[in-house]
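J.: We have chain Y; now place chain P onto it with these hints.
Residue strings, one per chain:
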Amino acid sequence: DTGVSQDPRHKITKRGQNVTFRCDPISEHNRLYWYRQTLGQGPEFLTYFQNEAQLEKSRLLSDRFSAERPKGSFSTLEIQRTEQGDSAMYLCASSYRPGTGAQFFGPGTRLTVL
Amino acid sequence: DQQVKQNSPSLSVQEGRISILNCDYTNSMFDYFLWYKKYPAEGPTFLISISSIKDKNEDGRFTVFLNKSAKHLSLHIVPSQPGDSAVYFCAASAGAGGTSYGKLTFGQGTILTVHP
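Chains as they are written, first to last, in the numbering used here: chain Y, 183 to 296; chain P, 218 to 333.
Check the hints yourself; a few may be wrong.
Unchecked claim - What follows is a set of in silico ranges between Cβ atoms, one per label pair, in the way DEER data are often shown:
| hint | chain 1 | residue 1 | chain 2 | residue 2 | range |
| --- | --- | --- | --- | --- | --- |
| 1 | P | E275 | Y | F256 | 18 to 24 Å |
| 2 | P | P257 | Y | I194 | 17 to 23 Å |
| 3 | Y | Q266 | P | E275 | 41 to 47 Å |
| 4 | Y | L237 | P | D218 | 20 to 26 Å |
| 5 | P | G277 | Y | G185 | 19 to 25 Å |
| 6 | Y | L296 | P | A258 | 41 to 47 Å |
| 7 | P | D218 | Y | N233 | 30 to 36 Å |
| 8 | P | P257 | Y | E250 | 25 to 31 Å |
| 9 | P | P299 | Y | R191 | 25 to 31 Å |
| 10 | P | A258 | Y | T195 | 15 to 21 Å |
| 11 | Y | G222 | P | S268 | 27 to 33 Å |
Claimed, not checked - Going by beta-carbon spacing under 8 Å, a handful of chain P positions derived as facing chain Y:
| hint | residue |
| --- | --- |
| 12 | L251 |
| 13 | G260 |
| 14 | S266 |
| 15 | G277 |
| 16 | F279 |
| 17 | Q325 |
| 18 | G326 |
Hints were generated in silico from the structure; no laboratory data involved.
Computed from a predicted model, the values in this text were never measured in an experiment.
Idealized CB from N, CA, C, for every residue including glycine.
In isolation and in its complexed conformation, chain Y is listed as follows (with noise of 0.2 Å):
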């Protein structure tokens, strides 16, 4: 039973440089969700996919994140011109209907901005 999977675990990068973090789903969900965690909060929704399709977008994504899910599998975050307050744990979670599933999240993907 392959989970939900995030690559990079840990990313360090200077301000002002772009990044990207790369999800695959558990292969049977066709739901995939972004969320951001900072310390001493819970998981923060960003974003979210069904296949292909991206259906809802938080206001805390600014125009400098986008995300793709091409051909409804992986998916990518991407975080243009990173700043300090970018640091983060971002973290993917797949689900999949019908049924009351709940979403399943992976180890999460640790952004520190310096």
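T.: Only chain P this time, still in chain Y's reference frame:
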């Protein structure tokens, strides 16, 4: 605007006793609720969920209670074990037909420590 609140940052319990974690919400549109456990350097792990049409759901040592009139839910762990020590998050979903299929709104988390 914190729509899901976990007012206790931490809880300490003796092994074998009951752990009760609490969560309050303000958005009356929430119709599906979940509890997740998180260890350091890992993503959240799903524990148990409940739809708003129910007031109780059990799974082994874990029971979730939902009081819709009070907009309150709780997670009971009986008996508590040292391996249960982790951060626990409650989460809620709205507008997805009583499923977690939509986006989740999380509380801030409660650190549970179970002492041997």
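J.: Would you list, in rising numerical order, the hints stated earlier that this structure does not obey?
T.: 1, 6, 15, 16
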